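**Q** Sequences are here, hints too, so could you generate the full structure?
Just so we're on the same page, this note's numbering is the position in the sequence shown counted from 1, plus 15.
Please note that the accuracy of each hint is not assured.
[As the list claims (entries may be wrong)] DSS-like cross-link-like pairs, simulated, lysine-lysine; straight-line CA separation at most 27 Å: (1) K67 with K143; (2) K108 with K143; (3) K70 with K143; (4) K120 with K70.
[What the hints assert, rightly or not] Derived CB-CB ranges, DEER-like: (5) K143 with D90: 25 to 31 Å; (6) Q136 with L82: 15 to 21 Å; (7) K143 with I74: 18 to 24 Å; (8) D41 with K108: 17 to 23 Å; (9) K96 with L72: 21 to 27 Å.
Keep in mind that the hints were calculated from the coordinates and are not lab data.
It should be emphasised that the depicted structure is a prediction, and the values quoted were computed from it without experimental measurement.
Built from N, CA and C at the ideal position, the CB exists for glycine as well.
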Amino acid sequence: MNLSPSSISSIVTSDVTSRQFLATADFTRSIYSESCTFTDEIDTYTLPKFVKGTKALFIPEGSAVTLTSPVTATDDLITFKFSEYLQFNIPFKPTVTLTGRVELKRDSDGLISSYQEFWDQSVPSVLKTAKF
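**A** See below:
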């Protein structure tokens with residue numbers, strides 16, 4: 016599946032805005048390589064671990080992701096900036112806020128082979144935003 020930059024950009028935009036995939040892990044799997052890695056400011060995860068972990072960690076109804084830039088795509092790279100608040104599925108249900116950008120690298124088949132988040136704040140700074 017080698018989608019055009021505009022086609023894959025539209026899919027990623029929908030995944031972020033409609034499916035809230037940064038908080039829900041609900042995304043269009045067919046545009047990702049099964050060997051895709053997902054990296055945030057804390058660790059790197061395989062695709063199955065990203066999905067399982069994200070679905071267990073966050074409460075979708077208490078979380079929200081907003082695009083703060085358009086999703087832009089080339090044959091090699093997809094990027095966007097975001098703002099989000101995430102409610103954790105742990106006792107007291109704390110909610111943190113953060114902003115950042117995501118880079119999705121595409122392989123020669125056009126599939127996304129890596130996802131990487133770059134936060135605008137440090138991990139300790141994000142944790143200090145926790146509201147209970």
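**Q** Run every hint past the structure and note whether it holds.
**A** Here is how each hint holds up against the structure:
1. K67 with K143: Roughly 25 Å between the alpha carbons, so the hint for K67 and K143 holds.
2. K108 with K143: Holds - the C-alpha atoms of K143 and K108 are around 14 Å apart, at most 27 Å.
3. K70 with K143: Cα-Cα ~23 Å, so holds.
4. K120 with K70: Cα-Cα ~23 Å, so holds.
5. K143 with D90: 25 to 31 Å: At roughly 40 Å between Cβ atoms, D90 and K143 fall outside 25 to 31 Å, so the hint is violated.
6. Q136 with L82: 15 to 21 Å: holds (18 Å)
7. K143 with I74: 18 to 24 Å: holds (20 Å)
8. D41 with K108: 17 to 23 Å: Check passed, 20 Å falls within 17 to 23 Å.
9. K96 with L72: 21 to 27 Å: Cβ of K96 to Cβ of L72: about 22 Å, so the range 21 to 27 Å holds.
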